[in-house]
Amino acid sequence: MALDPMSARWWQGVAEGRLLYQRCRNCNAAVFFPRILCNLCHNDSLDWCESRGNGTIYASTTVRRAPAAEFASCLPYVVALVDLDEGFRMMSNVIGLEDCPSIGAPAFLEFKRGLNHQPGATTEMVPLFRMRDSLPGDVEAVGHA
Amino acid sequence: MSVGNCAIMGVAESRLGVVPDATPLTLQAEAARDALKDANISMDRVDGLFCAGRWGSSFQLQLAEYLGLRPRYSDATVVGGASFEFHVAHAAAAISAGLCEVALILYGSTQRSGRERSLSAPNNNLGFQFEAPFGMPSPVGAYALAANRHMGIYGTRPEDLAEVAVSAREWAALNPVAYRRGPLSVTDVLDSPLVCDPLHVLDCCLITDGGGAVVITSAAVARECAKPPVWVLGHGEFHAHSQISEMADLLVTPAAVAGKRAFEMAALGPKDMDVLEIYDSFTITVLLTLEALGFCRPGESRHLFREGRSSPGGDVALNTSGGGLSYCHPGMFGIFLLIEGVRQLRGECGDRQVRHAEKAVVSGTGGCLASNGTCILAV
Numbered sequence: 001m002a003l004d005p006m007s008a009r010w011w012q013g014v015a016e017g018r019l020l021y022q023r024c025r026n027c028n029a030a031v032f033f034p035r036i037l038c039n040l041c042h043n044d045s046l047d048w049c050e051s052r053g054n055g056t057i058y059a060s061t062t063v064r065r066a067p068a069a070e071f072a073s074c075l076p077y078v079v080a081l082v083d084l085d086e087g088f089r090m091m092s093n094v095i096g097l098e099d100c101p102s103i104g105a106p107a108f109l110e111f112k113r114g115l116n117h118q119p120g121a122t123t124e125m126v127p128l129f130r131m132r133d134s135l136p137g138d139v140e141a142v143g144h145a
Numbered sequence: 146m147s148v149g150n151c152a153i154m155g156v157a158e159s160r161l162g163v164v165p166d167a168t169p170l171t172l173q174a175e176a177a178r179d180a181l182k183d184a185n186i187s188m189d190r191v192d193g194l195f196c197a198g199r200w201g202s203s204f205q206l207q208l209a210e211y212l213g214l215r216p217r218y219s220d221a222t223v224v225g226g227a228s229f230e231f232h233v234a235h236a237a238a239a240i241s242a243g244l245c246e247v248a249l250i251l252y253g254s255t256q257r258s259g260r261e262r263s264l265s266a267p268n269n270n271l272g273f274q275f276e277a278p279f280g281m282p283s284p285v286g287a288y289a290l291a292a293n294r295h296m297g298i299y300g301t302r303p304e305d306l307a308e309v310a311v312s313a314r315e316w317a318a319l320n321p322v323a324y325r326r327g328p329l330s331v332t333d334v335l336d337s338p339l340v341c342d343p344l345h346v347l348d349c350c351l352i353t354d355g356g357g358a359v360v361i362t363s364a365a366v367a368r369e370c371a372k373p374p375v376w377v378l379g380h381g382e383f384h385a386h387s388q389i390s391e392m393a394d395l396l397v398t399p400a401a402v403a404g405k406r407a408f409e410m411a412a413l414g415p416k417d418m419d420v421l422e423i424y425d426s427f428t429i430t431v432l433l434t435l436e437a438l439g440f441c442r443p444g445e446s447r448h449l450f451r452e453g454r455s456s457p458g459g460d461v462a463l464n465t466s467g468g469g470l471s472y473c474h475p476g477m478f479g480i481f482l483l484i485e486g487v488r489q490l491r492g493e494c495g496d497r498q499v500r501h502a503e504k505a506v507v508s509g510t511g512g513c514l515a516s517n518g519t520c521i522l523a524v
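Going line by line, the protein sequences match chains A and B.
By the count of the numbering used here, the first sequence reaches residue 145 at its end, each step adding exactly one.
By the count of the numbering used here, the second sequence reaches residue 524 at its end, each step adding exactly one.
Derived by calculation from the structure, the hints in this document are not laboratory data.
Don't take each hint at face value.
In silico contact screen, one side only, chain A against chain B (beta carbon under 7 angstroms); selected entries [as the list claims (entries may be wrong)]:
#, residue
1, 3
2, 56
3, 60
4, 67
5, 103
6, 112
7, 115
Glycine is no exception: its CB is placed at the ideal position from the N, C-alpha and C atoms.
For reference, chain A alone in the conformation it holds in the complex:
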């Protein structure tokens, strides 16, 4: 799946359970997806950084028609744009719910098997998000109550 050395590095981070992004040494912008230069100031000195995985929902949609056969068994599912606290935005799924979460609601990173996981696929885990009220820990707490 990785098409260049920068994205290969990023997917390697995913395989290690780390959400990587880049930070520009010149303008301090967070850069995602990975590039060889800053897409804000065009400087070519970027450092790799690791996100803490905390963000907020920028926008979301519940998908009810699969774009390809391998997603069909997962319907419906939520696709979201998540603004990470470090200052970059990424697309992901919000797991554990079917209705769109509120804009601005906090979302938390988890590495999970992706929706389109195929047996034998190289990238088994992908960065996904959960809302606070559907965190596994909270579910357990309710279960014990």
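Starting from the structure of chain A, add chain B where the hints point.
Positioned in the frame of chain A, the structure of chain B alone reads:
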């Protein structure tokens, strides 16, 4: 009378709807023949060729070969459905620079009969690997994300989106070649299946076959033509992202920049426009574009569809062909916006003719809200 450096002198559609015996080339040839006939210019005078599509590689070579053209200037800029508004801008620049004199803009697709449409995005671009694992149908999912944010930030409701489709259908009912002409209510739209919340099937454009052609000439050639010139008074284009996760603000489309440039070039503003042809790939596209172009304040475009304002006879003459939602949408719709805008300014639109139509804005949006080309036309 307005005068510019160049004018649209001929427009035509090919056969539309379901045309199983056609190919993209034959549909474009039909449209080219008829648009040149409309302009009263022979095909051998065409010296500029502009085209876009997804039907092959090097399609401007194939088109020139098929039609027997020998263009001295050609451009196959492909920025999605807005390509043809970009082509108008590029043709105007080329004509002004003396690089060509009679420019032919073409499009054709057998998307419906050929079953070319897919909800899978192309997988050959670098950035797509950062969206692909999450299963967003493209482009509808991208527009759904924008609609979700428009609702969350501005309080827009699904009913407001549906009004855009209802208005388009009312105009389509007056267009003999529109694909869907039967009555449509807000309830019908809301009762149609959801594809990506909040967008229903009837919030989405049609999937049809079809082609179109536009002939643009220098002012000198325009004086020789059969019909009155439709002057290109202004044009603007803009793009800054390809995939939706890279769009800086989902509520500010590229039309904000492109529209400003077009209006400034024409020394006109939204209030001066008699006819609005606004790309309606999805209902939300129209709301976002009207706001970006300055026809209302951000978040308030829904009011333009209230109480029949955008219906035939209302004060907002919008998407008078029935648009991509009800008239036709063969994959890219931008050329059909131009065709209808020109016909309205010429007074050729029969039952759906807008009274006193002298100035039109044509605004095409392509990709995942990625590109916008806006043209200001006038007679």
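Non-conforming hints, listed in increasing numerical order: Violated hints (numbers, rising): 2, 6; every other hint is consistent with the structure.
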